[in-house]
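Here the protein sequences come in this chain order: A, B and C.
Under the numbering used here, residue 198 is the last one in the first sequence; the count climbs by one each step, no gaps.
Under the numbering used here, residue 198 is the last one in the second sequence; the count climbs by one each step, no gaps.
Under the numbering used here, residue 198 is the last one in the third sequence; the count climbs by one each step, no gaps.
In short, the hints are calculated from the structure, not lab data.
We treat Cβ as the ideally placed atom computed from N, Cα and C, and that holds for glycine.
Please note that a few of the clues may not be correct.
Said to hold, decoys possible - What the simulated footprint calls covered on chain B by chain C, stretch by stretch (three residues with Cβ under 8 Å from a Cβ of chain C suffice, anywhere in the stretch; the number is not a length):
no.: 1; stretch: 106 to 115
no.: 2; stretch: 125 to 138
no.: 3; stretch: 185 to 193
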Amino acid sequence: MLNLTMPTFVQVIEFLGTFAFAISGIRLASAKKFDWFGAYVVGVATAVGGGTFRDMMLGVTPFWMTDSIYLVCSGMALLCVIMFSKYLIRLNNTFFIFDAIGLALFTVVGVQKTLDCGYHLWVAIIMGTMTGAAGGVIRDVFINEIPLIFRKEIYAMACVIGGIVYGICNIMDMNMHFTHILCGTSVFLVRILAVKFHICLPTLKGGEE
Amino acid sequence: MLNLTMPTFVQVIEFLGTFAFAISGIRLASAKKFDWFGAYVVGVATAVGGGTFRDMMLGVTPFWMTDSIYLVCSGMALLCVIMFSKYLIRLNNTFFIFDAIGLALFTVVGVQKTLDCGYHLWVAIIMGTMTGAAGGVIRDVFINEIPLIFRKEIYAMACVIGGIVYGICNIMDMNMHFTHILCGTSVFLVRILAVKFHICLPTLKGGEE
Amino acid sequence: MLNLTMPTFVQVIEFLGTFAFAISGIRLASAKKFDWFGAYVVGVATAVGGGTFRDMMLGVTPFWMTDSIYLVCSGMALLCVIMFSKYLIRLNNTFFIFDAIGLALFTVVGVQKTLDCGYHLWVAIIMGTMTGAAGGVIRDVFINEIPLIFRKEIYAMACVIGGIVYGICNIMDMNMHFTHILCGTSVFLVRILAVKFHICLPTLKGGEE
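Required output: the full structure, derived from the provided sequences and hints.
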């Protein structure tokens, strides 16, 4: 998003994040025997779905409609899965790191964009979380599974914590660049630590039957 | 919604309705072993999902983004389920009444807001129904079940009937306060009677295979 | 859409397309024992869901909110299924033709509307595809099945090809009427040929487990 004004480092990170998100969608779709087109749609939805809902709620044009890089990036992810599917399993750890980086960056972008639109911080935290995590929910709805992030290691919660860090930095009147880095780092660290130590939120008991 | 201008009685009703909707989402999520965060998301989606889609279609900012009460209310519902899950089953009838009250109130709010935006009555009836019933559909998509309201006792149809009552009141040039009460009461009564006497709409035969 | 300014022929075609889409939703819903209301909702969602998401992304009012013909048409489809369900199976080929016509027309409408809003051609191709194919995805999410179009004969891909034909016509500075006809015809032919010769896109291997 806004990739004409942001420095190149962020663009590279964002590309890697989009790529990792798209790969995760495409691989889950391929496990369900989707065809190339279906897998691409699931990959795109995973990568841009969260940001699209955020933008529709904010009342602005979905970010991917003004810059084709996100769809191109998802297309490259599809090519990779088609050509190198056998070798991708070995790269699981790499993709996991990319995914965590993407989650962190998407959260920062979502929080910042919502604040720029003039909303309260609590709305921004929700929108940051949605930017990072809603794509995975849409992916799981498409492949007809119960959304993974509602049951496994801390994922969306990492975005919420990152958003709170953002808010604390704001209250302390910190420089924006530093705020972004602290917010993103906290999302990244929470996610990495959660998976390394299998930290899950408690589940509920006492369902309807 | 609009809780600065409406009288306190409506706010209390709306709070109870949101609470009942959130409880229903959280309890169904807990039956699927969702974690606290996942259950909260399902609860929020049940409570505000319908109104969010309504507002996106009307081209206005989703109502919960300007007032945090809806998310706070859903959070309190989560706390209740966590702390009192054992005792909640005994309260099933209470929640059913709350849910019917919420359905009635959400319908009135949805119809009124759509008319205020300058749309025809038939659009308002659809939006009122969506406000009341779409949250339950989103909930069931998240927990990967076929939406309940498409198969069980009259639910969304009660909203449609309420919307028609609203329209009749309008044609008869009734006072707005009275129109709201008649519309809400008819939704509430249809829903209560449908469940009490197990009134279902007929189902279709002749599926594709 | 825009049915005041378009000639009657397009209106007839659009009516048939909406009807065929609604029929497909209602019949799949009836196979899942939905009640009349649920079946109607699934039918409407199939018929207007794609265009609704398109319009929300474009930032305009969903097309069906300004013209009741789409909901009336879906209601007539419901009546047909209720009354003639036994005879509908014999008409499968007729519905398949209607569906392909609807797909073609919806694609043309979606591409044109997006270009009219000032977006690039690649956005218009995506929006044309979404107008034609997203309704079927929403239908399958509602009935809790893996979206059919992600796995079966070429469907959404036909819309993409039609969009590309539209773009080529544009580059060649062709007259708009002719462009529409070429675009629609190519969607229709690709779809018909794909089903006749069972042309599928390749599926992916190398899923996550």
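Hints versus structure:
Closer than 8 Å: that is the beta-carbon criterion, and the stretch 106 to 115 of chain B has 5 residues meeting it against chain C, so the requirement of 3 holds. As drawn, the stretch 125 to 138 of chain B meets chain C at 7 residues by the rule of a beta-carbon pair under 8 Å; at three or more, the given contact holds. With 5 residues carrying a beta carbon less than 8 Å from a beta carbon of chain C, the stretch 185 to 193 of chain B meets the three-residue requirement, and the given coverage holds.
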